[in-house]
Every structure is written in C-alpha cells, then in structure tokens.
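Please take these sequences and the hints and turn them into a complete structure.
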Amino acid sequence: MKQFDTFLGKKGSTPASPTGQPLVDVQGLRVTARKDDGSSVEIVKNVDFTVARGEVLALIGESGSGKTTIALSLLGYARSGCQIAGGQIRIGQRQIDQMDEKALLAMRGHHVAYIAQSAAAAFNPARTLMDQVIESALQHGVMDKASARAKAVELFRALALPKPESIGDRYPHQVSGGQLQRVMAAMALITDPELVILDEPTTALDVTTQIEVLRAFKKVVKELGTTAVYVSHDLAVVAQMADRIIVLRDGAVREMGSTGQVLHEPADSYTQSLIAAVSPATRVAQLREVLPASMPAEVRAPLLRISGLVAGYGAPDRLGLPGVRILDDINLTIQRGSTVGIIGESGSGKTTLARAVAGMIAPARGSIQLDGQNLSPTLEGRTREQFRRVQIVFQNADTALNPAHSIGRILNRPLAFYHGLKGDAMRRRTAELLDLVKLPSSVIDRLPAELSGGQKQRVNLARALAAKPDLILCDEVTSALDTVVAAAILELLAELRRELQVSYMFISHDISTVRAICDDIVVLYAGRMVANRPREAMMAPPYHPYSHLLLSSVPAMQQGWLEQVAGAGQHKLPPIGAADPSPEICAFLPRCSLRVDGVCNVVPPRRRNMEHGGEILCHRSDADLQQAQAPLLPVEGVTV
Amino acid sequence: MKALHDSTGGEAAAAPLPASAPVKRVRRHSTMAWIGMAIVGFWVLMAILGPSISPYDATAIVDTDVFSGMSHKFLLGSDYLGRDMLSRILFGTRATIGLALAATVLASATGTAVALFAAFSGGWRDAVISRALDALISIPSKMFALMMVATFGSSMLLLVVTAAITYMPGAYRIARSLAVNVQAMEYVQAARARGEGVWYIMTTEMLPNMIRPVLADFGLRFVYVVLLLSGLSFLSLGVQPPDADWGSLVRENISGLGEGALAVIMPALAIASLTIGVNLLIDNLRGKRAAKE
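For the protein sequence lines, the chains are R and P, in the order given. Numbering follows this note's numbering, in which position 315 of the first sequence is assigned residue number 315; successive positions increment by one, without gaps. Numbering follows this note's numbering, in which position 140 of the second sequence is assigned residue number 780; successive positions increment by one, without gaps.
Derived from the structure by calculation, the hints contain no laboratory data. Glycine residues also receive a C-beta, built at the ideal position from the N, C-alpha and C atoms. Any given hint might turn out to be false.
Derived CB-CB ranges, DEER-like [as the list claims (entries may be wrong)]:
id, chain 1, residue 1, chain 2, residue 2, range
1, P, Phe757, R, Gly308, 32 to 38 Å
2, R, Ala315, P, Gly793, 34 to 40 Å
3, P, Thr844, R, Ser441, 21 to 27 Å
4, P, Arg765, R, Ala315, 17 to 23 Å
5, P, Val838, R, Glu165, 53 to 59 Å
6, R, Lys422, P, Arg765, 50 to 56 Å
Written out as structure tokens, the structure is:
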C-alpha cells in the first residue's frame with residue numbers, strides 16, 4: 001500500500017504525467033455538522049472547483065464561511081462533529097472521498113501538506129526544528145535522513161531563513177514567530193507534496209513580519225511550481241499570492257474568478273461589500289469630518305496628560321527603574337473629544353500603556369493626569385468618579401464578558417455601580433444603551449455565548465458607555481472581528497464620538513484602521529514613543545523610519561504589490577559599529593535602513609519637532625528622511 | 641442558575657432559527673446519573689424519616705437470638721445484642737450523612753473562600769496560604785484525626801471539625817487552580833478596572849464561573865469524609881454509644897464476622913451503596929455546556 005502510494009506520489013510530482021487535467025477536482029462537496037439537538041446542518045453546500053497544476057487558489061470569506069472546512073476536506077478530514085456528506089474530491093490520481101483512514105494517513109503530510117495558522121501551536125517545544133521538519137519525510141519513507149536534512153537546509157535557504165545550515169538545530173522557542181511560520185512551510189514542502197494547503201498562515205503575524213513571510217512563500221511557490229490552496233480572510237494578502245479566488249459565504253460559492261477580476265470587477269454583491277469593507281478609511285473619514293473642527297473646550301487643559309511614564313517589571317536598578325522596561329518615557333496628551341491612536345507591533349507596550357492609564361499596572365515613574373488631576377498609579381487610590389471617567393474596552397469580547405451573566409446584568413452593573421440607577425430608570429437606560437450600539441432589545445436575557453462576535457463586541461462597548469465616560473481605552477477592539485463587522489464597529493465608534501463627545505485612546509496593530517479614525521497617531525517601538533504626529537502628517541513623507549517601514553508593509557489590495565514594494569528586509573542595512581549598551585540608544589537601530597554609523601549607535605536620539613507637525617525620536621533631519629523615503633504606492637483602499 | 645436558560649440555549653443565538661423549528665430537548669443526565677440520584681435520594685429520605693418508620697426502637701433488645709439471619713421478625717437480621725439491624729442502620733443514617741454533610745460543607749466552603757482570596761490577592765499572601773495548606777495535606781488524615789481525638793476527646797462537633805480540617809486543603813487546591821484561571825479572564829480585569837470591590841469580584845464575577853467543578857469536588861469530598869468518619873468509628877474513635885453511625889455498627893458486630901452475620905455485612909453495604917451512589921451522581925451529572933458536547 002505504502003509503496004504503491006510512494007509510486008503514485010513520484011508519478012504525481014513529475015509534472016509531465018497527466019496534462020490538461022486539473023490536479024485537484026472537487027465536485028458537489030457537501031459537509032454537514034451535527035447540531036446540539038442531533039439534527040445536522042450543511043456547512044458546505046455543493047461546492048465545485050478545480051485547481052490546475054502549479055496554480056494557487058485562494059478561498060476567501062468571513063469566519064463561518066466554510067473556507068477552512070473545505071480546505072480540510074482536501075485532506076479527507078472533517079473536524080469533530082462534522083462529516084463529509086457527499087461529493088467527489090480528486091487530487092491527482094487519488095479519489096479522496098473513497099479512501100480509508102489508513103490510506104489517508106499515508107497521503108497526509110506526503111502528497112498533501114497542511115500549513116496551519118499558528119506555527120507556535122503546531123511545533124513540539126521539546127524537539128529541534130530539524131527533527132520536526134524531516135519527520136514526515138522519514139515517516140513516509142520518501143528519503144533517508146541525510147538527504148532529508150540536505151533538502152531541509154535547501155528549503156530553509158529558499159525561505160530566506162537566517163543561517164539555513166544551523167537554524168535546524170534550534171528549538172521552536174528560539175526563533176521568532178515569522179521564522180517559525182517559514183520553518184513550518186519547509187516542513188510541509190519537504191516531501192514535495194502535490195498540493196499544499198495554507199490556512200491563514202500570516203494572520204497572526206505583525207505586518208512587518210507578514211511581508212517577509214509572504215515574500216518567502218511566494219518565492220518558494222514560484223520556484224517549486226507548487227500547487228496550493230490558500231485560505232484567508234484578507235483580500236490584500238490573497239491578492240499577492242493567488243492566481244484565482246473563490247469567495248465563500250455560508251458554505252456556498254459566491255464568486256469564482258481570476259484574482260484581477262475579483263478584485264477590480266467583482267460581480268457579486270457580497271464580494272463588493274467585502275472589498276468596500278477593506279477600506280474603512282474613506283467611509284469613517286466622512287463621518288469624522290462632520291465633527292466640529294475645534295471646540296472651545298480644546299483651549300483648556302487636555303483631558304488626559306501622560307508625562308514621563310516608565311513601566312516594567314523585574315528587580316529595580318540603582319535608579320529605582322524596573323529591570324525590564326516595557327514602557328519608557330511616554331509623553332502624550334489626549335484632548336477632549338479627540339482620538340489618539342497607538343500603533344506598534346506585538347510586544348511594543350501598547351496594552352501596557354492602556355492598563356497603566358486604567359490603573360491596573362502601577363508605573364515606576366511618571367504621572368497620569370485626568371483633567372489636570374493626578375490619577376493614582378494603583379487601583380486602590382482612585383475614586384469611583386475617576387473610575388467612571390476612564391473606561392477600558394478589552395480586545396477579546398469572548399473573555400471580556402462574564403459567561404455566567406446575562407447581557408442585561410452585564411449592562412446593569414455599571415449603571416447601578418456608578419449612577420445608582422435601579423428599577424425602571426435602569427431598564428430604560430439599558431434599552432437606550434442597546435439602541436446606541438444597535439443591538440435588538442431581545443438580547444437582554446441572553447448569555448454572551450449566544451451572541452456573535454460582533455454583537456459581543458457591541459455589548460463590550462455598551463458596558464463602557466454605560467458609565468458615561470470621558471475617555472475610553474480601546475485595546476485592539478476590532479482585531480478579532482471579520483472585516484465587515486470591524487468596519488461597522490469603527491463606524492459606530494466614530495458616531496458615538498460625535499454624539500457623546502467621548503475621547504478614545506485607540507490601540508491597534510493595524511495602521512489603516514488607526515489612520516481611519518484617529519486624530520493623532522503615536523507609534524510605539526519597544527516601549528518607546530518613536531513618533532507622535534497628527535493624522536495628516538502620517539499621509540506623506542517624511543516619516544520616522546519605523547513608521548515608514550510599518551506603512552510600507554501594509555499589503556495593498558493590488559496584484560504585484562509584493563514585488564514592487566520596498567518593505568521590510570528589502571533595503572540593505574548600512575553597516576554600523578558596535579552599539580553603545582545604554583538603554584537610551586535608539587531601539588530601532590538594528591532594523592533601521594537609515595541609521596548612521598557613529599551617531600545612531602553612540603548617541604541617544606532626541607525628541608524633536610517635525611516641520612509637518614508632530615514629533616519624532618530620530619537623528620535624521622526632515623530633509624534626509626524625505627529624500628530617502630519614496631512616496632508610498634498610491635493604492636486604492638489605503639489612504640496615503 | 642444556568643439551568644434556567646437551558647431551553648433557550650444555542651438555538652436562540654445570533655442567527656435566529658424560524659420559531660417553528662422543532663426544539664428537541666436534550667436529555668440532560670445519563671441513566672447512571674439517575675441511578676446515583678435514586679440511591680442518594682433514598683438515603684437522604686431515610687436520614688429524615690428513618691427513625692419514624694423503623695420497625696423497632698434502635699436501642700431495644702428485641703430477642704435473645706443474636707446474629708440471626710433474615711426473617712420476618714428481623715428483616716436484616718439482628719446484632720450482637722439481639723437488636724433489630726434494620727432499625728439500627730436507619731438510626732445510624734442520620735449520624736453518618738449528617739456528620740459527613742456538615743464536615744464537607746465546612747471543608748468546601750472554607751476551602752473555596754480561602755482559595756478565592758489567595759488567587760485574587762496573589763503574591764506573598766497566595767504563597768503563604770498555599771504552602772501552609774500543603775503542609776497540612778502532608779499529615780496523614782487518620783493520624784491527624786487520632787491526634788485530635790486523643791487530645792480533645794470524641795464529640796460530634798470535634799468529628800466535624802476534624803474531618804473539615806483534613807479535607808479543606810484538597811478543596812482549596814482545586815478551587816485555587818480554578819480561581820487563578822478565572823482571575824486572569826478579562827471580565828475580572830474589567831471589573832477591577834471598573835473599581836469594583838474584592839467581595840463583589842470574588843462572589844459575583846468569579847464564583848459562578850468555577851462553581852461547577854467545585855460542586856463536583858464537593859461530591860467526591862463527601863465520599864472521603866464518609867469513609868474517614870466510618871473508619872474512625874470502626875476504630876471506636878468516632879461516634880460514641882449510644883449514638884451510632886454505620887462505621888460503629890460494623891465495629892460492634894465485628895465478632896459476628898466469622899459466622900458471616902448480616903449484622904456486619906449490612907452496614908458495610910450501606911456505606912458502599914452511599915459512596916457508590918454519590919460517585920455515580922457526580923460523575924454523570926452534567927451541566928448544560930457539557931451536555932452539548
């Protein structure tokens with residue numbers, strides 16, 4: 001059996017064999033899921049598609065559209081509770097739907113390989129990368145250990161991993177997330193599979209990492225002529241990778257066509273709405289403009305003033321500062337009724353900043369003032385009125401709402417706690433709140449688990465609004481949501497600001513979202529504020545080198561963008577001497593393409609104002625930056 | 641509390657189904673759970689009604705026929721003094737279940753309360769409490785009970801307190817690990833950021849989300865306590881005459897073991913049936929969420 005498979009596999013991997021016939025042919029695929037009451041529901045409805053040899057097909061859709069289910073069925077696999085109920089799946093010579101479990105096992109990881117979203121969860125932390133990469137090749141008896149190792153090193157090199165000869169000796173925790181994702185690609189490709197399934201492989205990565213990973217994937221796919229099915233919710237990413245796109249909704253195909261056609265001339269109304277939702281900038285910006293340009297209140301003291309904030313953990317050093325600083329010297333102000341965006345990669349200290357303002361993490365230095373009044377660094381020292389005025393909305397509505405409390409109870413609590421409402425007055429206010437966040441009043445008696453992700457996030461927001469706050473700290477509130485739902489939440493935020501005059505501190509890793517709704521944008525890098533500038537200044541160079549890197553790494557919904565753009569890792573970094581070990585030295589130095597030897601690595605940068613507004617932390621002058629930074633590609637959907 | 645929402649669960653979610661869709665009620669509990677429930681229900685009923693329906697007075701010597709077998713006169717035989725065994729067992733039910741219940745409630749309640757406090761305050765408080773209770777766990781339970789009885793003499797109150805102290809650290813450990821997980825959830829963080837007090841957060845935000853495993857542990861702990869108290873009674877350190885629990889019934893009739901007297905076997909069977917019943921019940925009692933899976 002195994003030998004037969006191996007034989008078939010070899011036959012399949014030589015492109016000469018059956019030409020003219022597509023490699024993958026799926027006809028009338030139906031997948032059903034069992035519901036609580038024992039009845040079954042179709043989650044994939046009669047889907048047909050083919051993938052030609054060497055083609056990359058993208059499956060795109062929101063969560064629950066069945067895209068992952070379809071991809072998994074190509075492996076002959078259905079998640080627990082689900083079942084492939086009908087249809088034909090053919091890959092090469094194999095009829096997947098008629099294979100038994102043993103034959104499927106021999107096929108998986110050999111002829112058809114799978115790259116999952118979270119590489120960190122897919123690797124065994126106790127074994128070296130090399131062991132895990134060559135495991136499937138050894139298991140399926142494709143090659144011996146020495147040639148598998150040689151092949152893995154070759155793949156590491158092709159995937160642009162650093163030190164391809166020795167990276168295999170490391171353990172999963174010793175490489176970065178983006179590198180791990182690429183190692184996982186090597187693991188999938190080691191057996192020369194006929195088909196590779198990529199399931200949202202870059203969704204969990206930062207933009208600057210994503211672009212590196214995408215570039216590596218694209219190169220390998222092109223060089224090896226791999227046939228792939230790419231599952232994603234992100235149209236811009238798909239535009240870079242795919243030859244053809246299938247748009248899915250509720251388990252059915254809405255549109256199928258070449259990448260260019262789907263992106264530029266979408267025929268289906270749902271596809272059109274998806275594409276519109278990718279660029280919230282324009283729609284929300286319109287709402288923004290309605291705001292009274294400058295209110296008299298602005299003349300007065302700012303609503304929130306953070307000065308010289310330092311926070312971190314670890315044993316204090318001799319100056320009494322924490323050993324590991326998560327936030328270093330943060331200075332910013334938020335005016336009444338305005339929105340300040342905080343962007344940065346994971347680990348840059350965004351969430352810590354919000355928590356410090358909310359009083360949940362006591363800063364080591366610095367002060368936080370609300371309306372000129374010092375806020376206590378700890379929760380204990382704050383008054384209920386201060387608690388009321390600053391509300392925090394957490395990223396993940398799934399865990400931010402108590403699963404044991406009904407929606408009504410969740411919303412009632414702040415009303416009773418801050419405003420002492422009860423009885424009819426409370427009921428009325430709760431109804432108003434639900435109305436404000438556009439939820440039907442019937443949700444009152446439901447539990448959070450009975451709501452959708454977008455609805456939960458609305459409840460989460462309504463709970464913060466119940467306090468009638470002056471400032472809402474929004475921590476990645478749209479990151480876990482589908483594009484269309486996220487766009488609706490952003491619109492809601494903009495509308496609420498106009499109606500209620502609240503201020504937001506809007507934390508996100510997504511620069512286009514931040515640019516869509518924020519007045520001022522603060523860029524954090526490794527806990528430092530490298531730039532703090534008004535939104536308009538973030539529309540054209542000069543930028544701080546890190547801002548520029550971030551901006552140029554956001555995929556544009558345009559084919560060929562990946563090849564044209566000068567994102568991360570494209571520039572040769574100028575050589576520099578040894579860097580001064582002082583923590584004051586520019587943190588971005590190791591990645592900066594504009595660094596100056598003898599200045600950047602020796603002298604700490606000073607905060608300076610820019611001509612076009614705002615301030616940055618950089619040695620380079622405006623003119624220098626302007627010269628080095630080409631204007632970003634003008635792309636529809638991203639307002640540059 | 642959750643059970644109230646059972647019928648509206650799932651179906652009422654984001655995409656509402658047509659109202660006419662037949663909603664088949666999921667059978668909540670398995671057959672095993674029902675058997676367990678029946679056994680436990682029977683013994684609880686006997687604890688309440690036992691003495692009033694027993695054929696004889698529990699302390700009355702009915703006949704000179706000791707260690708007799710089953711007969712119309714003695715449904716479950718007679719003991720070493722010629723007393724009716726059925727009446728003795730019914731009489732002992734109250735002490736057995738009552739003491740065990742009191743001790744378990746005490747152990748689980750204090751364990752959970754201390755665990756909530758430790759998990760919520762964290763830091764050195766958590767460390768001190770956890771290590772102290774770990775030290776307590778390391779003392780063998782029977783040894784500890786012997787020590788207590790030897791020091792203070794046996795009384796109902798002492799037995800309850802002793803059993804509670806013995807099994808509190810176990811309850812604490814379970815509850816603390818649950819509380820640490822719940823405490824890290826964002827809804828607890830949100831409550832803290834709202835300025836809520838410790839009491840509100842512990843009782844309203846945290847407790848409802850850990851109550852189910854705590855209750856399952858309660859059932860298990862009840863069984864341990866029954867066995868500990870019966871064991872103590874068997875060593876004649878537990879319930880003292882004229883009161884009797886099942887453990888002491890076994891001990892006082894132990895001389896009949898050689899001839900296979902029902903007087904030894906019946907109370908032992910009673911202990912076994914109660915513990916098995918409770919175990920069946922808690923192992924198979926499932927919540928709404930578990931029933932769906």
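Hint by hint, here is what the structure shows:
Against the hinted window of 32 to 38 Å, the Cβ-Cβ separation of P/Phe757 and R/Gly308 comes to about 36 Å, which satisfies the hint. Between R/Ala315 and P/Gly793 the C-beta distance comes to about 53 Å, which lies outside the given range of 34 to 40 Å. Taken as a hint, the range 21 to 27 Å holds for the pair P/Thr844 and R/Ser441, whose Cβ atoms sit roughly 24 Å apart. Taking 17 to 23 Å as the suggested C-beta distance range, the pair P/Arg765 and R/Ala315 conforms, at roughly 21 Å.
For P/Val838 and R/Glu165, the hinted distance range of 53 to 59 Å is satisfied, since their beta carbons lie about 56 Å from each other. Range check, R/Lys422 to P/Arg765: about 35 Å between beta-carbon atoms, so the 50 to 56 Å window is missed.
Against the hints set out earlier in the document, violations occur for numbers 2 and 6.
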